[in-house]
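Colleague: Dock chain B against the given chain A, drawing on the hints supplied.
Protein sequence lines, in the order shown, are assigned to chains A and B. For the first sequence, our numbering assigns the number 1 to the initial residue and increments by one for each residue that follows. For the second sequence, our numbering assigns the number 372 to the initial residue and increments by one for each residue that follows.
Since the hints were made in silico from the structure, they are not lab data. Quantities reported herein were computed from a predicted structural model and do not represent experimental measurements. Note that the Cβ used here is the ideal one computed from N, Cα and C, for glycine as well. Mixed in with the good hints, there may be bad ones.
Okay, derived cross-link-like pairs now, DMTMM-like style, lysine to aspartate or glutamate, Cα gap no bigger than 20 angstroms in a straight line [what the hints assert, rightly or not]:
hint, chain 1, residue 1, chain 2, residue 2
1, A, Lys95, A, Glu54
2, B, Lys574, A, Glu59
3, A, Lys203, B, Glu431
4, A, Lys203, B, Asp635
5, B, Lys581, A, Glu320
6, B, Lys574, A, Glu320
7, A, Lys35, A, Glu59
8, A, Lys203, B, Glu657
Pairwise CB distance ranges (calculated) [what the hints assert, rightly or not]:
hint, chain 1, residue 1, chain 2, residue 2, range
9, B, Gly413, A, Lys210, 32 to 42 angstroms
10, A, Ser43, B, Arg654, 32 to 42 angstroms
11, B, Thr392, A, Val206, 44 to 54 angstroms
Over the 10 angstroms line for every Cβ pair with chain B, so calculated as not near, a few chain A residues [unchecked claim]:
hint, residue
12, Glu9
13, Gln154
14, Arg205
15, Leu267
16, Gly279
17, Pro358
Number of protein chains: 2
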Amino acid sequence: MDLFSKASELNGSNTPFALATIVSSSGSTPRGKAKMIVLADGSTFGTVGGGLVEAKVIEEARKAIDFDRPVMLDYALDHGHGPESLDMECGGAMKVLVEVFGARPRVLIAGGGHVGLEIAKLARTIGYRVAVVDDRPDFVTSERFPMAAELYVQPDLEAALAAAPVDRNTCVVIATNAGDERALRRFVGSDSRYLGFLGSRRKVRVLLDKLRAEGFTKEELDRIRAPIGLDLGAETPEEIAVSIIAEIMAVVAGRDAAPLSGRDGELVVVRGGGDLGTGVVVRLKEAGFRLVILETGQPRAIRRTVSLAEAVYEGQSTVEGVHARLVSDLDQARALLADGSVPVLIDPDCSSLPALAPFALVDAVMAKRNT
Amino acid sequence: MDLFSKASELNGSNTPFALATIVSSSGSTPRGKAKMIVLADGSTFGTVGGGLVEAKVIEEARKAIDFDRPVMLDYALDHGHGPESLDMECGGAMKVLVEVFGARPRVLIAGGGHVGLEIAKLARTIGYRVAVVDDRPDFVTSERFPMAAELYVQPDLEAALAAAPVDRNTCVVIATNAGDERALRRFVGSDSRYLGFLGSRRKVRVLLDKLRAEGFTKEELDRIRAPIGLDLGAETPEEIAVSIIAEIMAVVAGRDAAPLSGRDGELVVVRGGGDLGTGVVVRLKEAGFRLVILETGQPRAIRRTVSLAEAVYEGQSTVEGVHARLVSDLDQARALLADGSVPVLIDPDCSSLPALAPFALVDAVMAKRNT
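So here's chain A without its partners, still in its complex pose (with noise of 0.2 angstroms):
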């Protein structure tokens, strides 16, 4: 079997896997041009050259289908000690791109009826793998679910339910009807990243009472998205679809589903105010984003009329358009985000972060050993 062929059957059976590439090396590079395929549990296909560099690619590939993001990579393959140097006895650099694949979220539906079929089609044109559990073989087939993957349909509405496996990746939809009550049982203990159950506000309110005499934890009954869906006014069982898709793509996202348009932009925190850290604050303001700059107290930026860092020392600094001031505490900070502009903090270890939970944080510290 070729590397292709690997990550497709891979692909296929929606197993995340990382696919690095060596995209650049010079000098003498343990081998030419490869890739390598990592799994989640550090097995892998083909190889990028063995040796130390293989195994500390394998150590990031495997971070990177956790984090599901890719990464570049680069090593210099020198007698240096640096962070990013493996002391090896080839000399040269090599750059190693990490994508990640397959790690597409699965959409497990309890129930093929018209809701069901709906949630399964928008589910599938939005790359999700789809499942279908149900007990009606002569209504659920493949021939009017011809976009699931997995089915699992057998009279025993139990032994069907017990049969459809549900992972961290799986996002549960309870559609049934007689069977809501043994599939939210089946399913409410379950590790899913997503358990929502289509029902009216009697029927989940009878139902969770019930599970909650029953011993069922607050935490386990409190994750059920019940009544499913955003509200959205929906109607008919396309409109459903779509509440419901767009709730479980926020919830696989981390985001909370509210309108774009109605939301300040995202903050980010910069650490430093150097040129380095002022150019980053200057696009990303463009951009958008809200910005607070962390500062130490006496900071040494060389280039100082191109350094929003000035503010420590004038009380403000313009850059680009863009107006920095010294603040001395959040509540300062806050209102001057209101305001558009750039508080620049004295708090040299990050102190305020947590208070702050920014959406990231930029580290333009430029002279690291020195602080």
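Modeller: Frame of chain A, contents of chain B only:
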């Protein structure tokens, strides 16, 4: 042309209409069984018998179109003088069902690229009418957009934009590349139901600043949904389409797109806690609504043991597991609502309605002449 082909024609052109059907009649009614199509302007096709009844049905059908809600009309064709009696010579009674059709929203997509195509597909899937504007006749074709009922495609974008009509039923999505500014200028002053703009926060800000400087009002610019869509973490065209269509659905339905599971039931105010009002309260509470009862200071409930109005005299009352308690102000009412009980507020004139802002008001005062 028969009535059904007329209905089909109206449906095809997305013209809203009401279909009035006599569903039952007793005694001698003007006509046995008949259907009538009523348009928003009051013009008709077919008849339900003519005369005063038909005039009344047309009036109600126009209201039904306006509210986008079906209604069942109940007429007594006798000599009575009650509100629902029509002073006709024929006697008898008539029930008329008024259904509303064809008021599906229309999505007008400026830009038939990859995202525009996915928006068109999903909009059509949920039954919306699709119109597309573009300046690339070779690219935006009826083959690529078979779901579009209207295509406005010509090499001159401004001419294409000018050719595309917009009304209060139209949801405009701007997703061009080079034509964003021209499209925004075309639609910002329109009376579209929704106006969304696909673009980065930076692009949005630059464009809005420009339009503001040119004198467009805050009201005009504030209604632009930019960045467009709900925050679902959408990345692919298919996912972006879900995020946009979900936002449009919420706007069309007047909902806020928040998860249904994270919220309380809607608030319903019931005027009168006698046995009728109590029955309504018990059923609605079971269905998940939150309820407030407004009462007079001396309710004359005849069947006091099944009336929550009893709380006015006893301080509290419980019927079929629903617990009501007399409160003296809105703060107490809200605290009780949070506990899942039903506050009874003495407010015969319903003066607390604006502050309560309920989802619905049920007037369950039986002896209306006496209040």
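Colleague: Please name the hints from earlier in the document that this structure breaks, with their numbers sorted from lowest to highest.
Modeller: When the structure is compared with the hints, numbers 2, 3, 9, 10, 11 and 14 turn out to be violated.
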